[in-house]
Structure formats: C-alpha cells, structure tokens
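Participant: Listed below are the residues making up each chain.
Protein chains: 2
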Amino acid sequence: MFDVCLLGTGGMMPLPYRWLTALLLRFGGSQVLIDCGEGTQIAMKKKGWSFKPIDTILLTHFHADHVSGLPGLLLTMGNAERTEPLHIYGPKGVEHVVNSLRVIAPELPFSIIFHELIEKEEHFQSGPYMVTAFRVNHNVNCYGYSIAIPRAGRFDASRAKELGLPVQLWNPLQKGNDVEYEGSIYTSDMVMGPPRRGLKVTYCTDTRPTREIVKAASGADIFICEGMYGDDDKDAKAIEHKHMTIREAAMIAKEADPKTMWLTHYSPSLNHPEDYLDDARKIFPRTTMSRDGRTAVLKFDED
Amino acid sequence: MFDVCLLGTGGMMPLPYRWLTALLLRFGGSQVLIDCGEGTQIAMKKKGWSFKPIDTILLTHFHADHVSGLPGLLLTMGNAERTEPLHIYGPKGVEHVVNSLRVIAPELPFSIIFHELIEKEEHFQSGPYMVTAFRVNHNVNCYGYSIAIPRAGRFDASRAKELGLPVQLWNPLQKGNDVEYEGSIYTSDMVMGPPRRGLKVTYCTDTRPTREIVKAASGADIFICEGMYGDDDKDAKAIEHKHMTIREAAMIAKEADPKTMWLTHYSPSLNHPEDYLDDARKIFPRTTMSRDGRTAVLKFDED
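In order, the protein sequences belong to chains A and W. Under this note's numbering, the residues of the first sequence are numbered 762 to 1064, in order. Under this note's numbering, the residues of the second sequence are numbered 762 to 1064, in order.
Incorrect hints may have been included.
Identical copies go unnamed one by one, so any copy, or any two together, can satisfy a pair.
Stated by the list, open to error - BS3-like, lysine-lysine: derived pairs with alpha carbons at most 30 Å apart:
#	residue 1	residue 2
1	K1003	K922
2	K998	K806
3	K998	K813
4	K853	K813
5	K1003	K813
Source of the hints: derived by calculation from the structure; they are not laboratory data.
Turn these sequences into a full structure, and let the hints steer you where they fit.
Facilitator: Right under this line is the structure:
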C-alpha cells in the first residue's frame, strides 16, 4: 500500500487554519517528504505519522514557505533517534541552503547526503521509489517531482516448468535475479511477463503551466498541483509571480489525464477554494480542492 | 496600557496543541517580541496582533525552538509593508545566526540592526521600553530579559507657580526637558516628583535557577518563567539539560516576589502542567500555569 498525505495546502505563509503545502509518502516502511515549510513537523505530528522513517526529502525550491521548517524537522528526527543517513534532493545550492539553516541544528545523530539537481529532467531511485525530477517555470530554479512505485510483471510458472527449473529457483528469478542451473544461465525476463502498471504521484507547485508538467502528470494516480489563485482576474498576478490559477491547473490536468487531481498551495487571500470547484470540474471533472491532511491509500490494480 | 501576550507555552518542539514559547509586548504603538520558534507567526496571526509594528526582537539564545520561526516572520513583516529598521538583540553571534537563517529570506524591505549582548548584564532602551538583559545558566550562552515601562514623577504645579514659570513652559518640563525663562535655566527635576512605579515584565527560559533571575524578577508585574518539568524525579534531568522544574521556578518567585508568575516552556512530555499547580502555589501562591495565548493588560497604579 502506498500512503499519500498532503500535510498542508497553504502557499506563501502558514495560517492558523492552513499548514504550508508539503507531501508525505509512505511505502514499505520508507517515507518521502516533499517540501518542509514552517509548521510541517506540527502537521505531521497531528497526522500521527512517524518522523524516524523519513529517508528522503525532496525540495522543490528554496523559498521560505517550502523549506523553513527543515531545521526543526531535522532536530525532531534526531530526537526520534534516527541514525540512518537522510537523503536530501533539491535544486543547485541545496547543500549550502540546508547547511546555512543548520546554524540552529548543527548536531544530528544522522548524516545528510545531498543530491543537487542539475538537468532539466533527472531520474533516480530512493529506497522503493522511482523519482523523476522535472524543472518547472518559477521565478527561481524550481522542480516538480513524480514518485512512482514500479510493479514487476507476472511470474509465468508454466514457462518456468517448461524450462525445467526447480521450484527453489523461482523466487530469485521473480525478484529479478539471474540464476545458474545445470551449467546454463537463466535470466528473470525468461519467466516474467512485461512490467505491470505501478503507482504514481506527481507533485508540482510554484510554476507557470508547462509542457513538462503535462508529461510528468500523464497517467498519474494523483496529480497534486498548485491552485494559487481563484478568480480569473488574477491571471496577470499569476503571470507576474509565476504561479497558476485554478483554471490553468485544470487545463493541465485535462491534457495529462491523471486519475485525480488534488489542488493545493492556495494564496493566503484565497479563503474559500471550494468556490472555484465547479468551474475547475467543468474543465477536469476529477478535481478535488484539498484540505490539510488529505490522505489516500493507493493500491496496485487488481490483476 | 501595556499589553502582554504569551504566544506559546511549549519547549523543545512545537506540538499540534502547543505553540513554542514566545512573548509579544505592545505599548504606545511599538511591539517587542521575545523569541521566535517555529510557528510563532501563526500564533501571532491567530491572536490577531499586527506584524508591522514589531520594532524589536529579543532572542534569548539560538536553540531552534527559540529562533527557527525567524525567517518566516521577517518575510511576513516584509509582506506587511514594514520599511522601518528592525532591532534584533541576542547573545554573541546574533548577526551570524540570523543572517545564516536569512538564506531563505534574503530580500526584505527593511534593514536589520543587530545588537550583540556581551556583558553579564546589559541595559538599553528600545522605543518606549527600558530593557535589562541578564545572562542565565543554560548549556549555551543564554539571556533573560526584563522589559520595563518607566513612569515619570508627578508634576508639582504649585512648585512651578512658586518659581513663577508661565503655564506654556510646564509641558516641556513635564516631558523632562530643560527650559530657559528670563535668563535662568529651569530643569525638569525642579518641578517633577520622584519617578513613580512603572510596569515590568521579566521573561526567562532555558536556565537553571540563579541569583540573577531572583534579582531581575524582583518587583515585576509578571514574571514569566520556564516550568520545563513537573515531577520531582525530573530533578536530575533538569540539572543535566540545564532547565528548571516547576518547583524550582516557584522557589525563585517566592524570593523575587513578583505580582504574579506565569509558567511556560513545558516539556513535550508534560501533557498536563495543571497537575502541578497546587504544589507550586504552596511555594508561591500567585503562580499561573499558562496556556497558549495568555494575555494581560497592565496599567499604571492608581495615583
């Protein structure tokens, strides 16, 4: 099961009734956090998820509302007795920014391994997660992320029998390993069908609409996207500050066709995002106006 | 009127039901904030006080729970269109720490003037506030603060008449200025009685009990003090981490004899500070176990 929790839905500044936008993912005992603004650790505590299993933090960019909660979170992870290294990914300068913030969190019982994103699109694995980082279009260097849980093909037992392979060799083959039997090498693909559909969540905030977002969100189970402004008369403001209106987000979703879209990262001036839901659904029917703490459990398709 | 608001009452880490300890003071249109942990700006927003009039920030020390909310607050003050300089006081290194944190808040529409505390005790004026900073005993360099609103003596009209001073000269004398009249200099003290009792709030957290705290809190209207641990069996822990138990705080108050003591800065493990109120009141009867957002309005004594 792939747990998805949108910890907060605010942009720009935290509010008494709205945490800043951050996403927490959990699969196979390993957690990924995307962004960590002021108060993210409180939202996480409220939700009851553990701090210790956070193995990876993905930062979209270094505006305060996406990163100011980091020193406090790192200390709290330390207090939770984490000792395994933590991987932090982010745009160029990630190590400098995080280490500057660590002026108030200098001593941690775990090490941090930094990964600087350089290319327009990068692919990497972190624990069970296959991550794609894609550069978006904000007023500073900023990335969106797709996080996928791949799923192997189906094991073809009749084919393994045909090949005369004893049962005790099936399991390593199912796990993708090669085996040697009676002087011959048997590779996994000889007994496994083509990879099946896995699970994918795409997250992007703080950007104008781009083709890369459409591509990234294509086929996602959940596409989490900023909906900074509601009114159409905010178009100019969205362009000036390099954000999106709810309508623009819905247009992306219409093209990308994810299973569902969750809107988030509302402007502090946007008190009632629900007011814009009907209009957004006219463009992309499977739109949700998220509220803090929205959670989903994704499961692989039935065979 | 001197408004006092204890924004939060937590120590170590912010919790869903408890903001970190920080104090906001307001007098004559100028605000002072003491400490600024993660979430302080949210607590302030919840309380409805403005961000723009914060002229002075006093930092006790640089542990994250007292300073991690600073970059977000500075940005929010900028968004509130503050342009006047902001004064930040703190222990040695204050400029380095704040500027490191500003890696995520580099551009502000106001300047910051740093004041580094060096001596064991320092006295300074900031706007209408007379401040005493006193070093306490924590595991890093840490200060407590007394913030006083002084009150001039009573104007002696009969004395002014005796001196033959015309009424239009009374006001500058009342305000402490010298005046010249018919070739002679008249000083304020010639017509003003001795200073009357003003108002004073003393704030200290993150320290073992010391004589200096007793001295500082002496005669305070409100003595705000940490009560990190409740149970007496936490004595060893309090000594190890250089904090205080509620009983120790009450002992200080007993000696200092302030009008009232507000306890704060509870350990995250201290779920019900009220459980220790009766015991604390046996030592110092005017003890209050504060809750987030506790507010008081202090007024000068009736004449």
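Participant: All the hints need checking, so say for each whether the structure fits it.
Facilitator: Taking the hints in turn, this is what the structure says about them:
Proximity of K1003 and K922 under a CA criterion of 30 Å is satisfied in neither setting, with 58 Å inside one chain copy and 69 Å between copies. For a Cα distance limit of 30 Å, the shortest separation of K998 from K806 across copies, 25 Å, qualifies, whereas the shortest one inside one copy, 34 Å, does not. For a Cα distance limit of 30 Å, the shortest separation of K998 from K813 across copies, 24 Å, qualifies, whereas the shortest one inside one copy, 40 Å, does not. Taking the closest pair of Cα atoms, K853 and K813 come within 30 Å of each other only inside a single copy of the chain (26 Å); across copies the shortest separation is 33 Å, beyond that limit.
Taking the shortest Cα distances, K1003 and K813 sit within 30 Å of each other only across copies (26 Å), while inside one copy they are farther apart (35 Å).
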